[in-house]
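Starting from the known structure of chain Z, arrange chain G on it as the hints suggest.
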Amino acid sequence: EDQVTQSPEALRLQEGESSSLNCSYTVSGLRGLFWYRQDPGKGPEFLFTLYSAGEEKEKERLKATLTKKESFLHITAPKPEDSATYLCAVQGGNAGNMLTFGGGTRLMVKP
Amino acid sequence: GAGVSQSPSNKVTEKGKDVELRCDPISGHTALYWYRQRLGQGLEFLIYFQGNSAPDKSGLPSDRFSAERTGESVSTLTIQRTQQEDSAVYLCASSLSGVGGYTFGSGTRLTVV
Numbered sequence: 106e107d108q109v110t111q112s113p114e115a116l117r118l119q120e121g122e123s124s125s126l127n128c129s130y131t132v133s134g135l136r137g138l139f140w141y142r143q144d145p146g147k148g149p150e151f152l153f154t155l156y157s158a159g160e161e162k163e164k165e166r167l168k169a170t171l172t173k174k175e176s177f178l179h180i181t182a183p184k185p186e187d188s189a190t191y192l193c194a195v196q197g198g199n200a201g202n203m204l205t206f207g208g209g210t211r212l213m214v215k216p
Numbered sequence: 068g069a070g071v072s073q074s075p076s077n078k079v080t081e082k083g084k085d086v087e088l089r090c091d092p093i094s095g096h097t098a099l100y101w102y103r104q105r106l107g108q109g110l111e112f113l114i115y116f117q118g119n120s121a122p123d124k125s126g127l128p129s130d131r132f133s134a135e136r137t138g139e140s141v142s143t144l145t146i147q148r149t150q151q152e153d154s155a156v157y158l159c160a161s162s163l164s165g166v167g168g169y170t171f172g173s174g175t176r177l178t179v180v
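Chain order of the listed sequences is Z and G. Under our numbering, think of the first position of the first sequence as 106, with each following residue one higher. Under our numbering, think of the first position of the second sequence as 68, with each following residue one higher.
Just chain G, same shape as in the assembly:
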């Protein structure tokens, strides 16, 4: 596609429920990143996929968070047993090779009530 597409754009969920967030990167981009942005704060790295290499999961805040990517296409970020502190905008980005700037999607705003 022309840009990075994320869905849903907004998600409200009850505390304790699981959620899945989807990211469709730019076609041909081998690198895909997930970041979290809490209200009024900077971007916090979560996880990085590069081609068929093992993902860099060093930013995942707890074992409730996981992500998958099929080849060089769609990625899903799953948050299990959501907590109120998980409320944030989750941003996905992709890049051609992993070196250089990213193209971001518009994000998924997650609200845990």
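Isolated chain Z, as found in the complex:
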């Protein structure tokens, strides 16, 4: 069974204070690891897909990296508008096309 664990559950940062969110996973035959952003009252918004260890993707202040056991979402010099819940999900070889999600990290960036 595919499993995804995200840490920390919640993270408070000052504006400009860089940090990283962790996503640890176990999966049989990784087909993709996904990062989403979710704002209150809205559906998750797609950020990145990573397919193999060593891969990196960047978008504005966010950079996602992938190893064989975990993924990190690095946030550089965050702004208050980066406050949201960040969700990690995996698509495994034995789970059809469904994504298995972690519990998310709730990020709060204070001005």
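One thing to keep in mind: the hints can contain errors.
Below are the DSSO-like pairs computed for lysine-lysine, each with C-alpha atoms no more than 27 Å apart in a straight line [said to hold, decoys possible]: (1) Lys-173(Z) x Lys-162(Z); (2) Lys-78(G) x Lys-147(Z); (3) Lys-184(Z) x Lys-164(Z); (4) Lys-78(G) x Lys-124(G); (5) Lys-147(Z) x Lys-124(G); (6) Lys-147(Z) x Lys-164(Z); (7) Lys-215(Z) x Lys-173(Z); (8) Lys-168(Z) x Lys-124(G); (9) Lys-147(Z) x Lys-82(G); (10) Lys-82(G) x Lys-124(G).
Part of the chain G face toward chain Z, derived, beta carbon under 10 Å [claimed, not checked]: (11) Gly-107; (12) Gln-117; (13) Asn-119; (14) Leu-127; (15) Leu-158.
Keep in mind the hints are simulated off the structure, nothing from the lab. Model, not experiment: these values are computed from the prediction. Positions of the beta carbon are idealized from the N, C-alpha and C atoms, including for glycine.
For chain G alone, coordinates are given in the frame of chain Z:
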């Protein structure tokens, strides 16, 4: 349409009543998914449709839950004899082929009183 559309956005129902939730996927997306998100928790897979194949119902929590999809268009999720533990946000997503990331709708917030 431009995005995944879900209706209603909010639904309050009495315990024991049946509810229907609707999802209109992105035009041309063959794969459609339903997920449930309880307050403060992650997303829980419910059911997956891919084209004309038999749906993957492995995530449905009980036989009170069912879903249908007509071709590659609208899907409805039906919950019969609702219980308080059914209160959650029900999210629908679609993708072009079933491989890769999804596009989510804004969800239906269901409250069972």
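For this session: Hints the structure violates: just list their numbers, smallest first.
Result: 7, 8, 13, 14
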